[in-house]
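From first to last, the protein sequence lines are chains A and B.
Numbering-wise (my numbering), the first sequence opens with residue 684 and increments by one.
Numbering-wise (my numbering), the second sequence opens with residue 1337 and increments by one.
Simulated from the structure, these hints should not be mistaken for laboratory data.
Ideal Cβ placement from N, Cα and C applies to all residues, glycine included.
Mixed in with the good hints there might be a few duds.
[What the hints assert, rightly or not] Ranges between beta-carbon positions, derived for each pair:
hint, chain 1, residue 1, chain 2, residue 2, range
1, A, Pro801, B, Ile1436, 33 to 41 Å
2, A, Asp728, B, Arg1377, 34 to 42 Å
3, A, Ser804, B, Ala1407, 44 to 52 Å
4, B, Lys1372, A, Asp812, 21 to 29 Å
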Amino acid sequence: MKRLVLIPICFFALAVPLVVLANGVQGGFDQVVSSIESRYHVHADRIPLLGLVNFVARASTRDGVRGMHVAEIEDFNADVDGEELNKLVSAKLGSGWERVIRETSRKGADQTLIFMRPEGSRMGLFVLDLGGHEMDVVQMSVDPDHLSEKLGQYEHHVKD
Amino acid sequence: MKNRVAIWVLGLAGIALAVAPARAQNGLPMPSPVEKELAARASNVTEVTLGKNMLGFAAKFLDGKDKDEEATRHLIEGLDGIYVREYEFDKEGQYSAVDIEKLRTYFQSGGEWSSIVHEHDKRSGETTDVMMKMVNGQPHGLFVLDAEARELSIVLILGPVKMEDLSKLSGIGGLGVLGDIDADSHGNANRNKDKVKPPKAKTGGDE
């Protein structure tokens, strides 16, 4: 009898945290973009040949930048509540992401959200920018060491 | 034996549930209720929130090839968090002295805070407060509250930070005001004479 009671207790005890954690794991760039599309009744244009762009970006930055995702939404005419957009993105982006910068205007025309996530020795960056009637959504993985080295080269040129 | 297994399973489940919300807190304070009201009234709001993990990671962008950069990297890596809020308003009178006092009280709870700058311009009504958190006699946090007619800025830096290092952080978004504070504390002696008060410890709630 005791065994019969223990089985459901153990099942629920394991299932509840698994469900909680699983909710955090789901999500990502595509989910954010499709949620925005359905919420604001807009259509996002994906950049053609992004795989090639990714390859070039990766090679030219010596693996400083990789895993780029880009979506562009033109004719964004919907009214945006900054708090609602922030919640939607936070919920759909998935676990591990921390919002580091948010700029929002009350009238909703300008919104900027920047999220970061440690990815081993790399850093995940997610940027959403709404300006006027255009929204751009970008996600990428950057290597701070390689990228700062690359940026250092340009700084050197500027100083010259 | 079976009971012991069940206790272990329940214990692990409890830990897993407890860990889930803790991750979102990143050691920085949650926005105060006053901030939500201010955000609703503001025409533009800028928020910068960097927890210890993110600061540690961001520090990697500084390659530390020169002395200044190395010092800045060291400073950022040691911080527990940076919290910046800027509220811009369409017109004057969108916040009151009571709101300012509520913000001051909220952010200074926990630890001993010493006022190092308090400036109040009677004509414009602008106020600037700079407080330093002391832990075991060492500076372990900085709070800046700058209230102008149409703009309200809050900067909270947690972790070991010295006045002379502040200008190093001014490059980070929203922390430009820190360069001015550093200049004030070192430069213009006449202005300091009017502004800087002898440190007066305030004791807040629990650490």
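Structure-based check of all given hints:
no.: 1; hint: Pro801(A) <-> Ile1436(B): 33 to 41 Å; result: holds, 36 Å
no.: 2; hint: Asp728(A) <-> Arg1377(B): 34 to 42 Å; result: holds, 36 Å
no.: 3; hint: Ser804(A) <-> Ala1407(B): 44 to 52 Å; result: violated, 23 Å
no.: 4; hint: Lys1372(B) <-> Asp812(A): 21 to 29 Å; result: holds, 24 Å
Hint 3 alone, counting from the list given before, is not met by this structure.
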